[in-house]
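S.K.: Residue numbers (this note's numbering), protein chains in the order written: chain A, 1 to 273; chain B, 1 to 273; chain C, 1 to 273; chain D, 1 to 273; chain E, 1 to 273; chain F, 1 to 273; chain G, 1 to 273.
Rather than coming from a laboratory, the hints here were simulated on the basis of the structure.
Treat the hints loosely; a few may be bogus.
[What the hints assert, rightly or not] Okay, the calculated bits of chain B under chain A, using three or more residues with CB under 8 Å as the criterion:
no., stretch
1, 15-28
2, 77-84
3, 100-112
[Said to hold, decoys possible] Below, a list of computed lysine-lysine pairs in the DSS-like style, where the Cα atoms sit at most 25 Å apart:
no., chain 1, residue 1, chain 2, residue 2
4, F, Lys51, F, Lys203
5, G, Lys217, E, Lys111
6, B, Lys111, C, Lys180
7, B, Lys217, A, Lys115
8, F, Lys111, D, Lys115
9, C, Lys125, G, Lys111
10, A, Lys115, D, Lys111
11, C, Lys217, B, Lys115
12, C, Lys111, B, Lys111
13, F, Lys115, D, Lys125
14, B, Lys189, B, Lys217
15, C, Lys125, B, Lys115
16, A, Lys111, D, Lys203
17, C, Lys125, E, Lys125
18, A, Lys115, B, Lys125
19, G, Lys189, G, Lys217
20, E, Lys180, G, Lys51
21, E, Lys51, C, Lys111
The C-beta atom is built at its ideal place from N, Cα and C for all residues, glycine as well.
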Amino acid sequence: MFRNQYDTDVTTWSPQGRLFQVEYAMEAVKQGSACVGLCSRTHAVLAAVNKPASELSSYQRKVFRVAEHAGVALAGLTADGRVLSRFLRNECINHSFVYEAPLPISRLALKLADKAQVCTQRSWKRPYGVGLLVAGLDESGAHLYYNCPSGNYFEYQAFAIGSRSQAAKTFLERRFQGYKDYTPEQLIKDALSAIKETLQGEKLSSSNCTVAIVGRKDDGTIEPFEMIGAARIQELIDSMEVAEEAPEEAPAEASSMQEEERGSEDAAAPMDI
Amino acid sequence: MFRNQYDTDVTTWSPQGRLFQVEYAMEAVKQGSACVGLCSRTHAVLAAVNKPASELSSYQRKVFRVAEHAGVALAGLTADGRVLSRFLRNECINHSFVYEAPLPISRLALKLADKAQVCTQRSWKRPYGVGLLVAGLDESGAHLYYNCPSGNYFEYQAFAIGSRSQAAKTFLERRFQGYKDYTPEQLIKDALSAIKETLQGEKLSSSNCTVAIVGRKDDGTIEPFEMIGAARIQELIDSMEVAEEAPEEAPAEASSMQEEERGSEDAAAPMDI
Amino acid sequence: MFRNQYDTDVTTWSPQGRLFQVEYAMEAVKQGSACVGLCSRTHAVLAAVNKPASELSSYQRKVFRVAEHAGVALAGLTADGRVLSRFLRNECINHSFVYEAPLPISRLALKLADKAQVCTQRSWKRPYGVGLLVAGLDESGAHLYYNCPSGNYFEYQAFAIGSRSQAAKTFLERRFQGYKDYTPEQLIKDALSAIKETLQGEKLSSSNCTVAIVGRKDDGTIEPFEMIGAARIQELIDSMEVAEEAPEEAPAEASSMQEEERGSEDAAAPMDI
Amino acid sequence: MFRNQYDTDVTTWSPQGRLFQVEYAMEAVKQGSACVGLCSRTHAVLAAVNKPASELSSYQRKVFRVAEHAGVALAGLTADGRVLSRFLRNECINHSFVYEAPLPISRLALKLADKAQVCTQRSWKRPYGVGLLVAGLDESGAHLYYNCPSGNYFEYQAFAIGSRSQAAKTFLERRFQGYKDYTPEQLIKDALSAIKETLQGEKLSSSNCTVAIVGRKDDGTIEPFEMIGAARIQELIDSMEVAEEAPEEAPAEASSMQEEERGSEDAAAPMDI
Amino acid sequence: MFRNQYDTDVTTWSPQGRLFQVEYAMEAVKQGSACVGLCSRTHAVLAAVNKPASELSSYQRKVFRVAEHAGVALAGLTADGRVLSRFLRNECINHSFVYEAPLPISRLALKLADKAQVCTQRSWKRPYGVGLLVAGLDESGAHLYYNCPSGNYFEYQAFAIGSRSQAAKTFLERRFQGYKDYTPEQLIKDALSAIKETLQGEKLSSSNCTVAIVGRKDDGTIEPFEMIGAARIQELIDSMEVAEEAPEEAPAEASSMQEEERGSEDAAAPMDI
Amino acid sequence: MFRNQYDTDVTTWSPQGRLFQVEYAMEAVKQGSACVGLCSRTHAVLAAVNKPASELSSYQRKVFRVAEHAGVALAGLTADGRVLSRFLRNECINHSFVYEAPLPISRLALKLADKAQVCTQRSWKRPYGVGLLVAGLDESGAHLYYNCPSGNYFEYQAFAIGSRSQAAKTFLERRFQGYKDYTPEQLIKDALSAIKETLQGEKLSSSNCTVAIVGRKDDGTIEPFEMIGAARIQELIDSMEVAEEAPEEAPAEASSMQEEERGSEDAAAPMDI
Amino acid sequence: MFRNQYDTDVTTWSPQGRLFQVEYAMEAVKQGSACVGLCSRTHAVLAAVNKPASELSSYQRKVFRVAEHAGVALAGLTADGRVLSRFLRNECINHSFVYEAPLPISRLALKLADKAQVCTQRSWKRPYGVGLLVAGLDESGAHLYYNCPSGNYFEYQAFAIGSRSQAAKTFLERRFQGYKDYTPEQLIKDALSAIKETLQGEKLSSSNCTVAIVGRKDDGTIEPFEMIGAARIQELIDSMEVAEEAPEEAPAEASSMQEEERGSEDAAAPMDI
């Protein structure tokens, strides 16, 4: 692929009206380990693959709480994501302090997008190299947003980002119409199934994934954003495996997909696993 | 197409007196999904295609309210457009606060153009990559302006920008002489027809377009800028389809046009759909 | 035409002592639609071609009032010109406020030239890409100046700038000796004739040109700078056409000139029509 | 290996979404002399090779105390590491002063990672060229983190970085499961064994390694971070040698590993031995 | 002429210890229309060619008064020269205000030279592209200085700069010994003759040259710097023509010189005529 | 030797994790004339070659006193070294003023190293091109440090830097074990011998070397850092020559070493002799 | 001579540890007209060639008084030298004001060197292109220093810099041993002889050289730095010519030297004669 002199500076337009540096930064999102998000009317779930850098290390956290009513999952440069998470945390605290009410999720995603946009227009910075799934609860119910390095953001019912996320997206597309009315448990199970799609044959267990949930109970009280315990996750995984004995052709489809993705896999950035 | 060293820096003139970087930024406008604007003496209508990033996501909003009497529709980098919309919102609020009167639409377009011009003359920024249709109402009636990345702006009776907007412009050119005296409903119908021209065979429905209107009623009271409800839009689309059974040759013309635009379509920037 | 490495930075001299970037910026003036200026002892007239960006749009304004006693017409990047017009407006207001007298036209042109010079000596800006005809009235009578992007300015009796301005200049050169004593009506007629020369066969009408005048009446009271009404212009055009039946060879000369200019026309910058 | 224009500026993304300058900075860590870290529930141990620049000089210190309850070992540019150690020392002092409690180790590693991240996003600085093992004790027990130049950090049970650290990592991977319950002496012995793996045949003695420990005694009192005396180290080495007479095949494995690393060894940066 | 990479930045030395950018700026002086200066013990005269940009325009002023006792004539970028003239005017006013005495001419030239030097040592500016003849009167009599873009300045008895100034210099070199004791009228006549040498066959008249004089009368009162009236100049030119009937061979010599200069003439910068 | 694009900017890492600009700056140290340092338990000695720039000039000083208890010798860019010496002098004075005690030598070397590190991480400065031997006395006895341009520093018992320093280092390596217990006179004699090794056949005399000493007398009083008088040095040289009649093979070894160094000698930077 | 990419930026080291831009700036010193300095125990003399830019101009001054007890002569970019002379003048005044004693000459040279060093380490300035001979008198007698663009400075008994200074240096080297005890008249005569060596056959006269002297009379009173009158110089030149009839072979030697220097002469920078 030949690309000429328009792709080394974020302030340089190509003759076709593209900002290559911003597009390249979006490639970084595809290099990170996968994460997924789903939401029903009352609950939002985030899940991420736990991929330790080596046998000796713990995994790097990819799911962060930013307030009682909201959290993020990220794929891409974790260091950039950490900086943005802290930014969101501050915005939530400030809003609470001033208005004595939680920051609506759409506003949260907007503030994040505006922060990302700034880095796409100045010559002395680079665009952030991280995509964030922002999930949370506000007066209008549960919401899920995807914020990308270009400063754009989209509301989703369910979405997956990161390495091998295509398989998870295919899974979610088949089922997302019903999500509006799912129970929290159903959401978590589908999140686990979507994560499993990205693992390429590796076995899903409570140790290689993180799941978090936020929502509102039937009585209207808020269930704060929190990670689900490993025991509970393993229990759900076990129950899913029992149920999964019939469908045999799905893995075949998935493995063909795995193959076509292996090319980009080889070029994976070592700094962001 | 060979272009030499004059096109990588916004502060560099070409020997022919052109600023290539500004022209390239204007290409970005053509990459965005289409939007159209029309205005009569008393009403202005904005309409945009809703194009979701994927099956799972909602579409990104392209039409924004900036004040009670004005709104914008945008094509190009949505992130840049969002920043400019907020700028306009602040200008409207400040003007109202100081003068206790709404900011005239010509002044609004001028302020936007001046903000864009600054980015075409400094080495450490890039020109904005977004075109805006500014529609609104002031004492002299309804107005429609098109602000482009170069810092220029033009008043229009009707206009379309973005990907495949040529078909819509052709449609509008055939009919714009009468717009001065159109009723709001007629404006909306023509906006929908123009949007339909850009869809390339895709079916127009209330879910893949947004329409907004602002105007003054016969009794002189203002109808604030607001999005038209989906039900009302679908109703209008249905009524239009009934009426549209006769003309058969227009689609043929449109499809030939679609073909000649497909080249630039292939190069569409993925970050801005 | 081969030009080497001395033409990409405004702070770089060529071995022959030229600043190519400044010269290139002056090319932008030739790309804009034409405007002309003329002045007698007591009146100054500015006229510009109104060239709409498309059938749907109004034309962009090229003639601006900067004070009661002065105005400008511009060719080149309209966005740059707008910024400079506002600068002039501020200078006039400040001078009136401090000295309780209008700013002399020579001082106005000088301030504009100095502002332009700054952009030819700093590495982080580009020269302005617009030429301005500054016309106005002060105690010493009516004056016309041409300010160009290099920071130079010249006083003229009559001048034309912009695309195809050579034909207008040729027209003015044949007649300018008498301008000192022209009546306002005579000035306007010659301005219209000069504008006509630049239209290349297109018919002159009150809708495709703007004319403005400033002057002092015989009783010494000032006639403020203002645009002449379309009706009055059309009336003058009609009267000129009646008178113009004899001379048949001038168009021939003009069309040959048009041909030699077509080359540069093809390279016209799309952003500045 | 051919890499094109995307690898000279830290603010430039490659088309694959990688920041080559950050990856190159991580290569500097591999050039430094090795260091290892281990931790049990109550104690953390850091050890480093002492490699004098010449026969005439003492070695450069690679293990630093940053507070009573924490210390770091570093590999890479020692000068960069020294600057970061002082930063950590200040953070610890400030936290103690404000909260009257020691800074938790996870917060310490986070602050370090955020400082590193900043240098990966600005055009006028370079990423730090040093990796740090951060070891310490807080209310949740002993912890070991690895902070790398990209701004990422990972928690480890045991880890080794620097030149020829692969042999040490292989050693640690065989044994790390038991480390949670090791006594301090066992930790130190394994640290010495790991260091020995990196020495490539050179004999381990108390003069060519530094070992430091921090932990909590059984009675709950803290054992401050301190270097272990040379006499005590020699004593432990001697006791290890007695025990090591049986296993003969490990050196063979190690030497083969040494060979495959020699390539990168030849390119070792002379400034950072 | 091949010149390598040392000539695009004013802060870059060539291997031979030259600053090419400064030398190139000095070329700009040769592109401007000519001006000459002469001084006797008590009077200094400046003269410049008036070269209108077109038939329609007045000429650009090249001779400026900076104080009652001093003025400048310039060749090169007029816009740069105007900025420097204003600087000199301010320096004169400030000195008068503080010391209640006029600024000595040597000090004036020194201040100008220091201002020019600054632009030869900073990377973000370019050297000024204008040469100035500074003429004035102080307690030690009349003086003439030449300030060039490099920041150097020289005292002269008589000098000429600008396009085709070589002919004028040759004329002045034949006669300058006597200038010390010339009367004002004699100085003006020689200035006119020198200017004539630069005109290349064009006829000298009061309309194509400007002459200014400053001096001290025999009674010690100062004759302020002022332009000489056109009538007086024409009178002198007429009287010179009567006297000039004999010498016929000088034009021949001049025309040969004209030829050898035509080469550089073709490369004349259009922005500075 | 081919090195590609990674070696022109101090903020650019090479793919192997090296900072070439810092390594190149360290080459400058090898270009300077040689200097040596030695220390016993109680005394430290610095010696440098005096190499006049020409027959007409005195030599440039390479040994500087920075406080009563400390001094430096330098090799490389003397101008950079002078700036750093003044920095050290200020640090010593400030510390004395605040703490009423001399600055420990290890702290002095650390401060110097940190100042050097800053210049290796900013794009707008270059690394210092000078190496410094810092010698001094504090409560823990006499110390000798070598600070290099990379921001690293090492403690030495004895060391030599600069042009042809390898011969001196070889000499010192044979003898340094005993230095701990040397008398001041013995230290000075060995310093003179080491200097002699670097002279390549040139005769050592009191005029071509400088020797300085600092130490503590047996009664605990400090002997301030001072240059040793020329008479005393000549006396020691004479006594050494008497003793040196036996060993004949050392010069042979030295001359072979001289040959292998001549290559780099030819490339010696003329600005730093 | 091929030199690669390391020589365009003053902050870039070459692989051999050289700063080419600083070396190139030192070439500028060789391009300037020559000047010499000599000093005895009590007097210092500076002399320079007066080389007018043209027949019409006076020469540019190259010898400046900076205080009653000190002065400088310079070769290279006169504009840079003027800026540095003023700096020295300010330093002398400030020192006198604060300490009520003249600034020692060694301190004066040091301050100048430090100012020059700064310009060798910043990316946005260039090194000064001028060498200065600083001569003066303080309590320790008369001194002569040479300050070069690299920030180095050297004390000399006698020295010559600038174009063709090699001949003068050869002359001074033959005689400098006796200078300590020369009378002022003897110093001046040798200065004139040295200047004569640089003139390449041109006749030495009082009009083409400047000589200045500073010293202390036998009674201890200071003879302030002042230029020697032309009459006195001519008198000395005449007396020297009478004495010089015998030595015939020196010119031959000089002319051969002239030839070998002609190469660099051709490349002489025109801006600095």
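S.K.: Compare the structure with each hint and give your call.
M.R.: Comparing the hints with the structure gives:
1. 15-28: Three-residue rule met by the stretch 15-28 of chain B, so holds; n is 7.
2. 77-84: The restraint on the stretch 77-84 of chain B holds, since 6 of its residues have a Cβ under 8 Å from chain A and three suffice.
3. 100-112: Since three or more residues must qualify, the claim that chain A covers the stretch 100-112 of chain B is violated, with 0 doing so at under 8 Å.
4. Lys51(F) with Lys203(F): With Cα atoms ~13 Å apart, Lys51(F) and Lys203(F) stay inside 25 Å; holds.
5. Lys217(G) with Lys111(E): Answer violated: Lys217(G) to Lys111(E) is near 37 Å, above 25 Å.
6. Lys111(B) with Lys180(C): The given pair, whose Cα atoms are some 40 Å apart, is violated under the 25 Å limit.
7. Lys217(B) with Lys115(A): Violated, at about 40 Å.
8. Lys111(F) with Lys115(D): Holds - the C-alpha atoms of Lys115(D) and Lys111(F) are around 21 Å apart, at most 25 Å.
9. Lys125(C) with Lys111(G): 37 Å, violated
10. Lys115(A) with Lys111(D): 21 Å, holds
11. Lys217(C) with Lys115(B): With Cα atoms ~40 Å apart, Lys217(C) and Lys115(B) exceed 25 Å; violated.
12. Lys111(C) with Lys111(B): 24 Å, holds
13. Lys115(F) with Lys125(D): Between Lys115(F) and Lys125(D) the Cα gap is close to 16 Å, so the pair holds against 25 Å.
14. Lys189(B) with Lys217(B): 18 Å, holds
15. Lys125(C) with Lys115(B): Status holds; Cα separation ~16 Å.
16. Lys111(A) with Lys203(D): Measuring from Cα to Cα gives roughly 58 Å; hence the hint is violated.
17. Lys125(C) with Lys125(E): Holds. Lys125(C) to Lys125(E) sits at ~11 Å (cutoff 25 Å).
18. Lys115(A) with Lys125(B): Distance of about 16 Å is within 25 Å: holds.
19. Lys189(G) with Lys217(G): 18 Å, holds
20. Lys180(E) with Lys51(G): 21 Å, holds
21. Lys51(E) with Lys111(C): 22 Å, holds
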